[in-house]
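Participant: Since the structure of chain A is already known, use the hints to place chain B on it.
2 protein chains.
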Amino acid sequence: MKIRIYNARILTMEKGSGLFQGEIHIGDDRITYVGEEKNAPKGEWDREIDAEGNVLLPGFKNAHTHSAMTFLRSFADDLPLQEWLYERVFPMEAKLLPEDVYWGALLANLEYLSGGITANFDMYMKNESNAKASVDSGFRTVLCGSINDFGGTVEEMEEEYRHFNDYHPLISYQFGFHAEYTTKREILEGMAALGQKYQKPVYTHNSETENEVAGCLERYGRTPTAFLNELHMFDYGGGGFHCVHMTDEDLQICKEKEIWVVTNPSSNLKLASGIAPIKKMLDMGIGLAIGTDGPASNNCLDMFREMFLVTALQKVKEKDASAVDALDVLRMATVGGAGAMGLTDCDVLAAGKKADIIMIDLKQPNMQPLNHIAKNIVYSGSKSDVKMTMIDGRILYENGVYHIGIEPEEIYAKVNESIGRMKKEH
Amino acid sequence: MKIRIYNARILTMEKGSGLFQGEIHIGDDRITYVGEEKNAPKGEWDREIDAEGNVLLPGFKNAHTHSAMTFLRSFADDLPLQEWLYERVFPMEAKLLPEDVYWGALLANLEYLSGGITANFDMYMKNESNAKASVDSGFRTVLCGSINDFGGTVEEMEEEYRHFNDYHPLISYQFGFHAEYTTKREILEGMAALGQKYQKPVYTHNSETENEVAGCLERYGRTPTAFLNELHMFDYGGGGFHCVHMTDEDLQICKEKEIWVVTNPSSNLKLASGIAPIKKMLDMGIGLAIGTDGPASNNCLDMFREMFLVTALQKVKEKDASAVDALDVLRMATVGGAGAMGLTDCDVLAAGKKADIIMIDLKQPNMQPLNHIAKNIVYSGSKSDVKMTMIDGRILYENGVYHIGIEPEEIYAKVNESIGRMKKEH
Numbered sequence: 001m002k003i004r005i006y007n008a009r010i011l012t013m014e015k016g017s018g019l020f021q022g023e024i025h026i027g028d029d030r031i032t033y034v035g036e037e038k039n040a041p042k043g044e045w046d047r048e049i050d051a052e053g054n055v056l057l058p059g060f061k062n063a064h065t066h067s068a069m070t071f072l073r074s075f076a077d078d079l080p081l082q083e084w085l086y087e088r089v090f091p092m093e094a095k096l097l098p099e100d101v102y103w104g105a106l107l108a109n110l111e112y113l114s115g116g117i118t119a120n121f122d123m124y125m126k127n128e129s130n131a132k133a134s135v136d137s138g139f140r141t142v143l144c145g146s147i148n149d150f151g152g153t154v155e156e157m158e159e160e161y162r163h164f165n166d167y168h169p170l171i172s173y174q175f176g177f178h179a180e181y182t183t184k185r186e187i188l189e190g191m192a193a194l195g196q197k198y199q200k201p202v203y204t205h206n207s208e209t210e211n212e213v214a215g216c217l218e219r220y221g222r223t224p225t226a227f228l229n230e231l232h233m234f235d236y237g238g239g240g241f242h243c244v245h246m247t248d249e250d251l252q253i254c255k256e257k258e259i260w261v262v263t264n265p266s267s268n269l270k271l272a273s274g275i276a277p278i279k280k281m282l283d284m285g286i287g288l289a290i291g292t293d294g295p296a297s298n299n300c301l302d303m304f305r306e307m308f309l310v311t312a313l314q315k316v317k318e319k320d321a322s323a324v325d326a327l328d329v330l331r332m333a334t335v336g337g338a339g340a341m342g343l344t345d346c347d348v349l350a351a352g353k354k355a356d357i358i359m360i361d362l363k364q365p366n367m368q369p370l371n372h373i374a375k376n377i378v379y380s381g382s383k384s385d386v387k388m389t390m391i392d393g394r395i396l397y398e399n400g401v402y403h404i405g406i407e408p409e410e411i412y413a414k415v416n417e418s419i420g421r422m423k424k425e426h
Numbered sequence: 001m002k003i004r005i006y007n008a009r010i011l012t013m014e015k016g017s018g019l020f021q022g023e024i025h026i027g028d029d030r031i032t033y034v035g036e037e038k039n040a041p042k043g044e045w046d047r048e049i050d051a052e053g054n055v056l057l058p059g060f061k062n063a064h065t066h067s068a069m070t071f072l073r074s075f076a077d078d079l080p081l082q083e084w085l086y087e088r089v090f091p092m093e094a095k096l097l098p099e100d101v102y103w104g105a106l107l108a109n110l111e112y113l114s115g116g117i118t119a120n121f122d123m124y125m126k127n128e129s130n131a132k133a134s135v136d137s138g139f140r141t142v143l144c145g146s147i148n149d150f151g152g153t154v155e156e157m158e159e160e161y162r163h164f165n166d167y168h169p170l171i172s173y174q175f176g177f178h179a180e181y182t183t184k185r186e187i188l189e190g191m192a193a194l195g196q197k198y199q200k201p202v203y204t205h206n207s208e209t210e211n212e213v214a215g216c217l218e219r220y221g222r223t224p225t226a227f228l229n230e231l232h233m234f235d236y237g238g239g240g241f242h243c244v245h246m247t248d249e250d251l252q253i254c255k256e257k258e259i260w261v262v263t264n265p266s267s268n269l270k271l272a273s274g275i276a277p278i279k280k281m282l283d284m285g286i287g288l289a290i291g292t293d294g295p296a297s298n299n300c301l302d303m304f305r306e307m308f309l310v311t312a313l314q315k316v317k318e319k320d321a322s323a324v325d326a327l328d329v330l331r332m333a334t335v336g337g338a339g340a341m342g343l344t345d346c347d348v349l350a351a352g353k354k355a356d357i358i359m360i361d362l363k364q365p366n367m368q369p370l371n372h373i374a375k376n377i378v379y380s381g382s383k384s385d386v387k388m389t390m391i392d393g394r395i396l397y398e399n400g401v402y403h404i405g406i407e408p409e410e411i412y413a414k415v416n417e418s419i420g421r422m423k424k425e426h
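Those protein sequences? They're chains A and B, same order as listed.
According to my numbering, the residues represented by the first sequence are 1 to 426, in order.
According to my numbering, the residues represented by the second sequence are 1 to 426, in order.
Derived from the structure by calculation, the hints contain no laboratory data.
Worth double-checking, as some hints may not be accurate.
Computed spacing ranges between beta-carbons, pair by pair [what the hints assert, rightly or not]: (1) Ala351/A - His403/B: 52 to 62 Å; (2) Phe20/B - Pro98/A: 31 to 41 Å; (3) Leu217/A - Lys255/B: 34 to 44 Å; (4) Met284/B - Arg219/A: 52 to 62 Å; (5) Glu409/A - Asn39/B: 21 to 31 Å; (6) Lys15/A - Gly420/B: 25 to 35 Å.
Simulated pairs of lysine to any residue, SDA-like, Cα-Cα distance not exceeding 25 Å [what the hints assert, rightly or not]: (7) Lys319/A - Tyr86/B; (8) Lys279/A - Leu79/B; (9) Lys280/A - Thr209/B; (10) Lys317/A - Lys414/B; (11) Lys363/B - Glu83/A; (12) Lys279/B - Gln82/A; (13) Lys319/B - Asp248/A; (14) Lys279/A - Asp50/B; (15) Lys363/B - Asn211/A; (16) Lys363/A - Lys424/B; (17) Lys319/B - Arg88/A; (18) Lys414/B - Asp50/B; (19) Lys414/B - Leu19/A; (20) Lys317/B - Pro80/A; (21) Lys363/B - Asp136/A; (22) Lys423/A - Thr209/B; (23) Lys319/B - Leu19/A; (24) Lys126/A - Arg88/B; (25) Lys414/B - Lys279/A; (26) Lys280/A - Leu81/B; (27) Lys279/B - Ala272/A; (28) Lys423/B - Asn211/A; (29) Lys184/A - Glu83/A; (30) Lys414/A - Asp50/B; (31) Lys319/B - Ser17/A; (32) Lys2/A - Ala40/A.
Just so we're clear, the structure is a prediction, and the values are computed from it rather than from any experiment.
Each residue gets a CB set at the ideal place from its N, CA and C atoms; glycine is no exception.
In isolation and in its complexed conformation, chain A is listed as follows:
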């Protein structure tokens, strides 16, 4: 498909580039032109779209989530953390079948598309179902390994790594384990060796709660970041999900080892984990990305909510209304996420890059007046402003309608069936 989108305001998110009036050309899965309006040849296009002055920018990257957990959305809220996890989440997860993960992931993909999210970094089980859901719906997914003491081996992960990195252009795979506190030292050492062998980054939940850090200090006399670093886990980079409770030494390690921090502010509030020191990280030049976390803990998969919170929570934490500029947050949600996920082809709008593009509708009351469009997206934007979501050159969502080849109603019915069956077994 050759698509031309003209009469657009464009935010390429390239460094130093501001908003400009122009057009974008797409050929199959790639962007072929981004720039000023030009007299594009007639008849050359499968489709020409008049953007009517609306904004094109790179799709948001959801850099940490557990998509298929949609089946547990609003199943167990307002409970103490331990009760939530051990009495509600784990027992239900034990009943999960591969098809539950498939439909649950599809439901999440719908929500991503409706909110301008064009890729997810997904840590969950039954990855075959997850990958199939994304391929079937045209969604881009980076799978993240998640082994721990309760499931998976380093050997299996190596196999998954080879398998999913040669699976489909929309699917890739990164090494990862669940967390230090759920994974014995032997496996952690195996993971570090695996990263070394392939010279690849390793990802994990890191320092999400005070308890987690205290436990690691007790076990190893080190914070999780320092301990894992001593195991040479991050010699080729990697990332930490959450990173709420980080010491200055931890942050220094992140900086030196180029470890991405993926922040999940809604989840950290809702599960009472805390507020990550994002301003400090930003000032140090640590790479930052944003995730929604899974729908059992957040509960919605909405990058607009997360973007607002990334800056607003720092303002209250630092008692400084100027902390963390909205434009830095927009970078985290797009370019930062792509960097953290290894999607270097999907980071900005430029010729040669993958066509993962969204259109923001400025003809919505919350986007008016046009004082500062980019800041408006962060402070006032909402899923209802997403007019179009394109992944790999395909328009999968436009004006409220999904074009993924599967009816939303079927997905809703299947996910309700899944959780209905599990509740009965409960």
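Facilitator: Coordinates of chain B only, in the frame set by chain A:
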């Protein structure tokens, strides 16, 4: 107009009532029936709406805002508070003409409608323009007095009170002043006397920032709440907007004098003011309502964002993931707001009440599966789930289309003209 909405899930928000399947009848501005499905007489209706299982509940009440400030949205973000207020906001407000307030308020009304907000408690200047904007668009507005040392007298407020309470069924007016720190004692005493004379509540910004409380302690040796209470300001109730920095004594006064607390969590984050002690207030039985604050400080007028934050911020503040149940938050956003604003006819869905009703679309990915619909609205809901907004029996917003008799495009153009003119004069 006689309207019947059937095949609905209904949340009346009456105490002790849960979600049930049923229908609602509307005759002109009032609800005439709420209950189980019944064989409604054919031909009796101007319109029959199949809700297709979607949820009807009372509209959200935005219990503190400055609607017309839409013209300053995204005009001055990421600045220290003093610079934001004194160098950016005040100089622009000095240029405001009555028509700027009219169009700015209309823009806010569009946003309210799109997000299921059916009434606002509005504290701003040029109330005639504000009231006209709401009457012209069919919106319900409770105006709040806002005199202070820089404008207005107690006598003028008394006149406004009589004028606007006899203006139009959609408009009412409550006594109010801007804040203790902007209003000299003489005016405050006049306000207290006015409340006494009419035996009516008085509303004000209260204890929004630490500085404000410190200033009052220095001036009067009392917190704002204690000082104003000593002036007999709240002998007939009233309300405080923000109430972030409250002592136990302050809360006790709120409890005893039935002073409503209207919390504005997004604004309190973005302006680095703090997190209000909502859990404590809730435990004490203090009346609670929710506001967005104005679009210059928030920047969006979205009750879904506020509802999520009311509970999520308490969870992190109290380090307890079970703090402030979502259902309590839904009450604050509907029944609580109506109580705070004196809209006792608009609080719940019941025969005889005003027909201020919204429909939430469950056929959206973020509302699925149907584990717990009411919690879903608070934790995962978004403006994009609002399928219909009815005020005073009139459907003003339905499936993304406004029916207010004024084109959104005209409103956008006018507000851009306003801020454009002011920037030129700047």
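Participant: Now look at each hint and say whether the structure bears it out.
Facilitator: Here is how each hint holds up against the structure:
1. Ala351/A - His403/B: 52 to 62 Å: violated (44 Å)
2. Phe20/B - Pro98/A: 31 to 41 Å: 36 Å Cβ-Cβ, so the 31 to 41 Å window holds.
3. Leu217/A - Lys255/B: 34 to 44 Å: 43 Å Cβ-Cβ, so the 34 to 44 Å window holds.
4. Met284/B - Arg219/A: 52 to 62 Å: Taking Cβ atoms as reference, Met284/B and Arg219/A lie about 42 Å apart, which means the hint is violated.
5. Glu409/A - Asn39/B: 21 to 31 Å: Since the Cβ atoms of Glu409/A and Asn39/B sit about 29 Å apart, the hinted range of 21 to 31 Å holds.
6. Lys15/A - Gly420/B: 25 to 35 Å: holds (30 Å)
7. Lys319/A - Tyr86/B: holds (18 Å)
8. Lys279/A - Leu79/B: holds (15 Å)
9. Lys280/A - Thr209/B: holds (24 Å)
10. Lys317/A - Lys414/B: Violated, because 38 Å separates the two Cα atoms, which is more than 25 Å.
11. Lys363/B - Glu83/A: The hint is violated at about 30 Å.
12. Lys279/B - Gln82/A: Distance of about 21 Å is within 25 Å: holds.
13. Lys319/B - Asp248/A: holds (23 Å)
14. Lys279/A - Asp50/B: Given pair Lys279/A, Asp50/B is violated - Cα atoms ~50 Å apart, limit 25 Å.
15. Lys363/B - Asn211/A: violated (39 Å)
16. Lys363/A - Lys424/B: Within the cut-off at roughly 24 Å; holds.
17. Lys319/B - Arg88/A: holds (20 Å)
18. Lys414/B - Asp50/B: Violated: Lys414/B and Asp50/B sit about 37 Å apart, past 25 Å.
19. Lys414/B - Leu19/A: holds (23 Å)
20. Lys317/B - Pro80/A: Distance of about 14 Å is within 25 Å: holds.
21. Lys363/B - Asp136/A: holds (21 Å)
22. Lys423/A - Thr209/B: Not satisfied, since the Cα-Cα distance of roughly 47 Å exceeds 25 Å.
23. Lys319/B - Leu19/A: Violated. Lys319/B to Leu19/A sits at ~41 Å, over the 25 Å cutoff.
24. Lys126/A - Arg88/B: Violated. Lys126/A to Arg88/B sits at ~53 Å, over the 25 Å cutoff.
25. Lys414/B - Lys279/A: violated (38 Å)
26. Lys280/A - Leu81/B: holds (20 Å)
27. Lys279/B - Ala272/A: holds (14 Å)
28. Lys423/B - Asn211/A: Distance ~52 Å between Lys423/B and Asn211/A Cα, so the pair is violated.
29. Lys184/A - Glu83/A: Holds, because 24 Å separates the two Cα atoms, which is no more than 25 Å.
30. Lys414/A - Asp50/B: holds (24 Å)
31. Lys319/B - Ser17/A: Judged against 25 Å, a Cα distance of about 41 Å means the pair is violated.
32. Lys2/A - Ala40/A: holds (12 Å)
The structure does not agree with the numbered hints 1, 4, 10, 11, 14, 15, 18, 22, 23, 24, 25, 28, 31 stated previously, though it agrees with the rest.
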